[in-house]
Amino acid sequence: MERSDVRNLYRLALFLAFAYSLPFAIGLWYGAVRVDERWFGYLATVVLSGILQGGVYAMFAVGLTLIFGVMRIINAAHGEMVMMGAYLTWVCFFLLGFDPLLSLLLTLPVAFLFGVALQKVLLQAVVGQPELTALLVTFGLGLTMIYVAELIFTTDFRTIPYAPGSVQITSTITVGQNKVISFAIAVVISGGVYLFLKLSRLGKAIRATALNAEVAMVCGIAVRRIYLITTGLAAALAVAGGALVSIQFGFNPETGVVYTLQAFTIIILGGRGHYVGALIGGVMLAVLEGLVSLMIPNGTAMIELAAYTLMIFVLLIRPGGLMGVKDA
Amino acid sequence: MTRSEHLRNLAALAVLGLVLALLPPALSVYLRSFAMFTMMYVVLALSWNIISGFTGYTSFGHVIFYGIGAYACAILVADHGWPWLPTLAVAAGVAAAVGLAIGYPVLRLKGPYFAIAMLGAAEGMRVIATVWDGLTHGGLGISFPSVENSIATYRAMLGLMLLTILVAYAVGHSRFGIRLNAIREDEVAAEALGINTTAYKLAAFTLSAVFPAVAGGIQAYKVLYIDPPSVFFVQITIAMALMSMLGGKGTVIGPIVGAVLLYTAQELTWVNFPTAHLIAYGLFIVLVARFMPRGLVGFAIDRGWARKGMVH
Amino acid sequence: MRTQAIRTLALAVVALLALEGPALANHRPNNEVLIGGAISQTGPYAEPAGRQVNSIKLWVDEVNARGGLLGHKVVLQLLDDKSDIQTAIKLYEKLITEDKVDVLLAPYSSGITEAVANINERYKKPFVAYGAASSSIWEKGRKYIFNIVAIAEDYQKGAVHLAKQIGVKRLAIIGQDSLFPRTAGKGAKDWAKKLGIEVVLDENYPTKQTDFTALLQKIKAAGADAVISNSYFADSAAQLRQMRELNIDFKLYSSTVGPGLPNFAEQLGNTAEYVLGFSQWEPIPAILKHPGMKEYTEAYEKRFGEKPNYHAGGAYGALQVTEAAVKKAGGFDNEKIREALATMEVTTIFGRYKVDAKGINDHEGLTFQILKGHRRVVWPEKWAETKAELPMPEWSKR
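If you read the sequences in order, they're chains A, B and C.
Start counting the first sequence at 1; every next residue gets the next number (our numbering).
Start counting the second sequence at 329; every next residue gets the next number (our numbering).
Start counting the third sequence at 641; every next residue gets the next number (our numbering).
One chain only, chain A, in its complex shape (with noise of 0.2 Å):
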């Protein structure tokens, strides 16, 4: 690790420690925070299930940085795939009275074979010009998307039903049973994509390919091949993410853009390509979140300015993020 390296974890570690005392101080300050029993069976739920929160959140972030990490685009059109897996839930579920746990096991090829021919049709074509092509034609992707689902769900809001009990863990803390499975789910599958990555040839080949596809192309990897199925897995990766959204909130074909935003947030939290760094970016994004609504006076109404001003000084700071990944 070079001087500068070490001088900016330093600052970085005490930027976020600042930050995540701030919202205590000024609950203590307003007197929002309570030494009691009872304060910290609230405290600890808003904790833990921020945590179940980021777990979510971090596997759909996996997606968006796999295609940085491997092609440098920026898919602005990722919030719309987690949109999409959210209605082909509802489908399966509604229409065809799916489980929505099982349904994946029909939606995520479905959502890989959407992203290979996306990749073939649009993508293919893109990378490696400026970012603002790229940007530009995922948004776009995202738009036709939205309109698409307008058309064919109209813009009421839909929700499943699907595991609305609680799970009791002490006498004061108490979380959602949906929001356990997701979690559950989520780390399963994200386990499974890191251990792909970590393990099998072609993640290999993956890996090799997002730190240099020049050299990649010489060792003889397919590059093309290898762009193909990395977006199709980061496609899948937005569609389970749905699946287990929808099973907790409410959608319609405009919500995308909220998860597009908090997956950005994630991967420049994490570090761009680094899947662990999602994890953790995912975790400290929906604890802070929770962290600011519960102590400060109507901070709920400025959660959303805490996580960009965090992404932003993080960027700043250290534009590797959390895990200082190189080459920013």
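The hints are simulated quantities; they were obtained by calculation from the structure and are not laboratory data.
All of these numbers come straight from a predicted model, not from anything done at the bench.
Wrong hints could be hidden among the right ones.
[Unchecked claim] Once the Cα atoms are required to be at most 35 Å apart in a straight line, the calculated DSBU-like pairs of lysine-lysine come out as:
| hint | chain 1 | residue 1 | chain 2 | residue 2 |
| --- | --- | --- | --- | --- |
| 1 | B | K438 | C | K848 |
| 2 | C | K848 | A | K120 |
| 3 | A | K198 | B | K438 |
| 4 | A | K120 | B | K438 |
| 5 | B | K438 | A | K204 |
Given chain A, work out where chains B and C should sit, using these hints.
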């Protein structure tokens, strides 16, 4: 480019300005509004082009300055009883200050990181406008007293557009512009040649912040009601980028052509085909970005319809 | 070459503009009147606004079947503002100055109406707003805009009264951070003050917020025993589901808009049970007994395959008011129509219309409760279909 060519271009601009200035009485109120908004998008696209086209730093949050301008104007007129025109100067000043404050740290980031940071900054600004109740009335928005303003806003926007074109033209043909291009092509090399890249980038960024703020102020006065989601609207940034790209970013004439064409096309299609129009708009963005990365101007140059120097 | 390119471009633009020229303006045949407005057919407001469009179309066809308005055939010019203020402004300028509509229709949403109100005021073209409940629109001395629906301040009136009845002492008021929910929140606060209920938490959240875990914990920490939520569909649904997940019980939960949407109970299943909601109007002719309601409800259901909701009812009511005003004015003179709208009293399928000096109609809304998947009116008492089942049963006992 020769002196006479510059003079000819300036004369053409003067004629355009004169014609547009004399036009309003002949136009219906609706056409006046349409022309005003078209000119507004010319201003937005051209300003965006200074930082993102000339300098190569893709700003995905330029709507920040438009929103700040709109709010500066609305707050001063509605809450402090200012007359409207002076508030535009304040809007420009505030935007320049915010531009410096944001630009100084964020311009250190490169490529996609800069784009995302700007996007985050724009969303953050929208939240600030929503949360800072005492200043902005938050989600309630600000309403102006109702006045007849279609000619005043038209003229103001026309003046702003001519000024923006002049400035963009001057930048494009000056040493300043050449250095910005050098930064876009290879920042490290530019630095090695002794260009103070930080100062140049910051100057370009601040310059590109001022005009959208004034445009925001004028449009706020035109629409007479603003709230955070309508002025910090991500689609406005997209429109700036798309219009520049459609015409040809990095040139002066490109963003102008792109803004006029795209805005007119949208106006003509949406009324008749609501949802289909939006799908078409999405596909259009995809196609332009995919097949015409150098825009209509680049397209024309490739086919020998225009000489490279002439269209810049 | 350059000049040639510019000339071609200029020609193209002029040609495009020419297409847009005034179509119907001055040469309208004598037996036709043009009625027009811009309403959101795409974008975030498309869902409620679309139901108003239904009613507008229904009314136009019915009027024409009756022989038209003062003997004129009604022609409808309905544009789409994309749920966008800037677009709406431009379209209303077009409708008024170019298309020269004889009667103007209102847009949807408080924000857009606030902006459009400046335009029609300038051209002295009156309309009856059916999609704007924020009373601030009528606080600015405007003369040409009238309101038919109950104002936002009263959306939670019934819920707060019911809270008082069941002995709620500490109230939490939460809501989305935009014009309409915040106005409703202000009204709820005033009603709570009048009735002597303490407001222990008053907080707004971003418009696209979906996770309310922390906010719910905060409400609990503040010791509130009932929640007044000024919310739409997604946020209201998320709040209820998360209350259930976190096993947080309140005596009462009331949301402004969400529960009134037709698919709310269906999408949420029994999590939506016992929730209070507000409605401007319900398609229950047997109870409200407004004249013509039965026929309207049946015609609407037959044509659009669902019962009309209050957005649809309000638009239809506003058109009936407009029709009456035109008849009273005996023509399409703007000032005479304005005069009629300001002074007359009529009863429509939506209820009584009679505005105060500001232009606000004293419309009385309904508070309903979702019981066994259906919306049942529980307040005011004169219209109550059934008695409210409050406090809400605990989640663990459902």
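Results for each hint:
no.	hint	result
1	B:K438 <-> C:K848	holds (30 Å)
2	C:K848 <-> A:K120	holds (33 Å)
3	A:K198 <-> B:K438	holds (29 Å)
4	A:K120 <-> B:K438	holds (28 Å)
5	B:K438 <-> A:K204	holds (28 Å)
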